[in-house]
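Trainee: Going by my numbering, the sequence shown opens with residue 7, and the numbers climb by one from there.
In case anyone wonders, no lab produced these hints; they're calculated from the structure.
Nothing here was measured: the structure is a model prediction, and the numbers come from that model.
It cannot be assumed that every hint is accurate.
Unchecked claim - Keeping only pairs whose Cα atoms sit at most 27 Å apart, straight-line, the calculated DSSO-like set for lysine-lysine is:
1) 506 - 399
2) 68 - 183
3) 435 - 241
4) 506 - 560
5) 506 - 42
6) 533 - 42
7) 138 - 241
8) 438 - 68
9) 404 - 435
10) 435 - 42
11) 268 - 438
12) 438 - 399
13) 437 - 42
14) 68 - 110
15) 465 - 533
16) 42 - 188
17) 404 - 438
18) 92 - 183
19) 607 - 435
20) 437 - 616
21) 435 - 68
22) 616 - 435
23) 138 - 506
24) 404 - 437
25) 404 - 506
26) 68 - 481
27) 92 - 481
28) 506 - 438
29) 110 - 188
30) 92 - 68
31) 92 - 42
32) 183 - 435
33) 616 - 68
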Amino acid sequence: MKMKLLTVAVLSALGLTACGNDDNDTPTPSSTSVVKSVEFTGTAAPTTDEEFATTYTTSVAKVTYEDGQVKETPLSYNVLFSVSDKVAEVNGSLSPAGQLYNYKMEPLLDPMGNPVVAETPDANSLLNIDGKPFLVTHYEYDWILSDGSVAYTTPGWYTRMPMSMTLSEITQASDGKLTATKVRPIDFSGVNGLWIPCAGSQTPWNTHLGSEEDYDLIYNPLDSADYETTAAGLKALTDLYFGGTQQATPYHYGIIPEVTIKSDGTTSVVKHHAMGRGTWELSRLMPDGRTAYMGDDGAYGLMAMFVADQYGDLSTGTLYSAKWHQVSDQDGGRATLTWNRLGHATDAEIDPMADSLTFADIFDAVEPVDGQCAAGYTRVRAGSSADECLSLKPGMEKAAAFLETRRYTALLGGTTEFTKMEGVTVNAKDKKLYMAMSSVRDSMTSDSTEPVDDIRLPKNSAGATYTLTLESGVKDSAGNAIDSEWVATTMYVEPALLGKPIATDEVGNTADIDSIANTDNLFFSEKMRTLFIGEDSGMHISNFLWAYNVDTQKLTRILSLTAGAESTGLQVVDNLNGHAYVMSNAQHYGDFPSSINADLKTRLTPMIDKFYAPVGYIGGLPGL
7 MKMKLLTVAV
17 LSALGLTACG
27 NDDNDTPTPS
37 STSVVKSVEF
47 TGTAAPTTDE
57 EFATTYTTSV
67 AKVTYEDGQV
77 KETPLSYNVL
87 FSVSDKVAEV
97 NGSLSPAGQL
107 YNYKMEPLLD
117 PMGNPVVAET
127 PDANSLLNID
137 GKPFLVTHYE
147 YDWILSDGSV
157 AYTTPGWYTR
167 MPMSMTLSEI
177 TQASDGKLTA
187 TKVRPIDFSG
197 VNGLWIPCAG
207 SQTPWNTHLG
217 SEEDYDLIYN
227 PLDSADYETT
237 AAGLKALTDL
247 YFGGTQQATP
257 YHYGIIPEVT
267 IKSDGTTSVV
277 KHHAMGRGTW
287 ELSRLMPDGR
297 TAYMGDDGAY
307 GLMAMFVADQ
317 YGDLSTGTLY
327 SAKWHQVSDQ
337 DGGRATLTWN
347 RLGHATDAEI
357 DPMADSLTFA
367 DIFDAVEPVD
377 GQCAAGYTRV
387 RAGSSADECL
397 SLKPGMEKAA
407 AFLETRRYTA
417 LLGGTTEFTK
427 MEGVTVNAKD
437 KKLYMAMSSV
447 RDSMTSDSTE
457 PVDDIRLPKN
467 SAGATYTLTL
477 ESGVKDSAGN
487 AIDSEWVATT
497 MYVEPALLGK
507 PIATDEVGNT
517 ADIDSIANTD
527 NLFFSEKMRT
537 LFIGEDSGMH
547 ISNFLWAYNV
557 DTQKLTRILS
567 LTAGAESTGL
577 QVVDNLNGHA
587 YVMSNAQHYG
597 DFPSSINADL
607 KTRLTPMIDK
617 FYAPVGYIGG
627 LPGL
């Protein structure tokens, strides 16, 4: 059964109807009414098989206006299309939305000769381009082949695939309903293709900022397993994307791409090498349109900040990385932050370096002996649990800063111990940054064997969402002024945003279902004064989307996803022609946590279509 039909049926069964103060004798707020506050009623966690097997909301939005009027509207989850729906137009024919392509925009085929369809919709950017709504959507990684087998465990097949984004033309009905009328893949051949695009964001100048969460190509050359992973990724790009016409190089990936859309639906793409290279979850711009923070996913990661020279141009700027100075290890930890300047560069400077340089051109590397390095080498741990002894080759400072950002951070004494750093968003009014750490473990715990042990926190597998205070007038570690009014200086966790592991309950949850577990996507709505948080949890049988009001400090579940699915594609549009939207996708339906109750798993398996992964949104909110 298609899950969108099941969603409608379950919502009907749950009695989702309009409620509250919308009676005929209640005046409707005018278009000029000023919003005072927005709050949500909670959606209960699933208890029945039908609820576990679908994506649903029973929440109601209560909007209070300055003139005293109140409007209550029920939320609803709406599907635009699934990755398997044949809606993508290429050369006059229709293909599944999640279809992957080579550099000629020819469909990639799996070992059975069938089209490769990515089951992983991620980032959304709903943009208003000259009065026309367009939607950019990421497809993060390959997952399931056409026969149901898992791609990376299939003998003779590639561990990962070159990936894709689509652009959808959107129409908006008078009641706010959105429809994708035309979907087509975006051509990345001009920037050497796309590798693991995860979350994304929107610029103040109305373009889409993507990501490349490059787990595979940022590797330790002294670690054989790392080397094999890198070789496999480069082989997939070389064979599948380029069709053997050119050899893929790792320095073309792990870069922030920017997509510009014109009103006729044409697109242009650039990758910003000046913003550094990492396993970027996403890049989020501050209100100045110059300062950006990047979430570096994986273990032994860094916190990066980029300050562009001027508004609207991310091709030139200065790159910094943070050092964590721990103040407390309680309740997720607390620290002050200082910033090391890595360097200043332009895309035009780094592009040819990415084309021509290799790791061996930038560093000499040898293995430590009994945990020690020979004279002239520095022991670092950056992106891998294996240590490296590195020596920077003469004149390679800029190449190291922008092509080997983690390693250069470690060489300069910055912190490369963050684990599973995910979404980043900003609360402009309060000058606060929110940063997701999906799990506090591994490199964030105390380890005396690490070259540097800056972060020394108790393990919390359910993770935390950190709050960072932003200030002006900050100097870098060398005493030079940082040209930004949005520099993070302290980092801590608000109580409601700390994960709570529990003993396994009767259905298999290993984290409190009334608290956030493994926070991932983040988006802050200035109008609602609300931080929206999507989960990617193996600790909840069903992942949830949460709303956290920063004034009342109330945490509310507003969406429950089909069991095993990850909440992705989070973006909040406060007002599009009189309606507000919470963009929300789901990927890998039925990817159950290992802790799931065996009987529940048996019952749910035939109810869930693993090939169904929706691109959609939560509607029902008036424009703010």
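Trainee: Decide, hint by hint, whether the structure agrees.
Mentor: Taking the hints in turn, this is what the structure says about them:
1. 506 - 399: Since the Cα atoms of residue 506 and residue 399 sit roughly 46 Å apart, the hinted pair is violated (cutoff 27 Å).
2. 68 - 183: holds, 20 Å
3. 435 - 241: The given pair, whose Cα atoms are some 47 Å apart, is violated under the 27 Å limit.
4. 506 - 560: holds, 16 Å
5. 506 - 42: violated, 32 Å
6. 533 - 42: With a Cα-Cα distance of about 9 Å, the restraint between residue 533 and residue 42 holds, given a limit of 27 Å.
7. 138 - 241: violated, 40 Å
8. 438 - 68: Since the Cα atoms of residue 438 and residue 68 sit roughly 25 Å apart, the hinted pair holds (cutoff 27 Å).
9. 404 - 435: violated, 35 Å
10. 435 - 42: Holds, at about 15 Å.
11. 268 - 438: It is violated: about 33 Å lies between the C-alpha atoms, which goes past 27 Å.
12. 438 - 399: violated, 39 Å
13. 437 - 42: Measuring from Cα to Cα gives roughly 20 Å; hence the hint holds.
14. 68 - 110: Given pair residue 68, residue 110 is violated - Cα atoms ~49 Å apart, limit 27 Å.
15. 465 - 533: Roughly 35 Å separates the two Cα atoms, so the pair is violated.
16. 42 - 188: violated, 37 Å
17. 404 - 438: violated, 31 Å
18. 92 - 183: holds, 21 Å
19. 607 - 435: Violated, because 45 Å separates the two Cα atoms, which is more than 27 Å.
20. 437 - 616: With a Cα-Cα distance of about 41 Å, the restraint between residue 437 and residue 616 is violated, given a limit of 27 Å.
21. 435 - 68: holds, 22 Å
22. 616 - 435: violated, 42 Å
23. 138 - 506: violated, 43 Å
24. 404 - 437: Distance of about 31 Å is beyond 27 Å: violated.
25. 404 - 506: violated, 42 Å
26. 68 - 481: violated, 43 Å
27. 92 - 481: violated, 53 Å
28. 506 - 438: holds, 23 Å
29. 110 - 188: holds, 21 Å
30. 92 - 68: violated, 37 Å
31. 92 - 42: With Cα atoms ~43 Å apart, residue 92 and residue 42 exceed 27 Å; violated.
32. 183 - 435: Violated, at about 30 Å.
33. 616 - 68: Since the Cα atoms of residue 616 and residue 68 sit roughly 35 Å apart, the hinted pair is violated (cutoff 27 Å).
Hint check: violations occur at hints 1, 3, 5, 7, 9, 11, 12, 14, 15, 16, 17, 19, 20, 22, 23, 24, 25, 26, 27, 30, 31, 32, 33; the rest are consistent with the structure.
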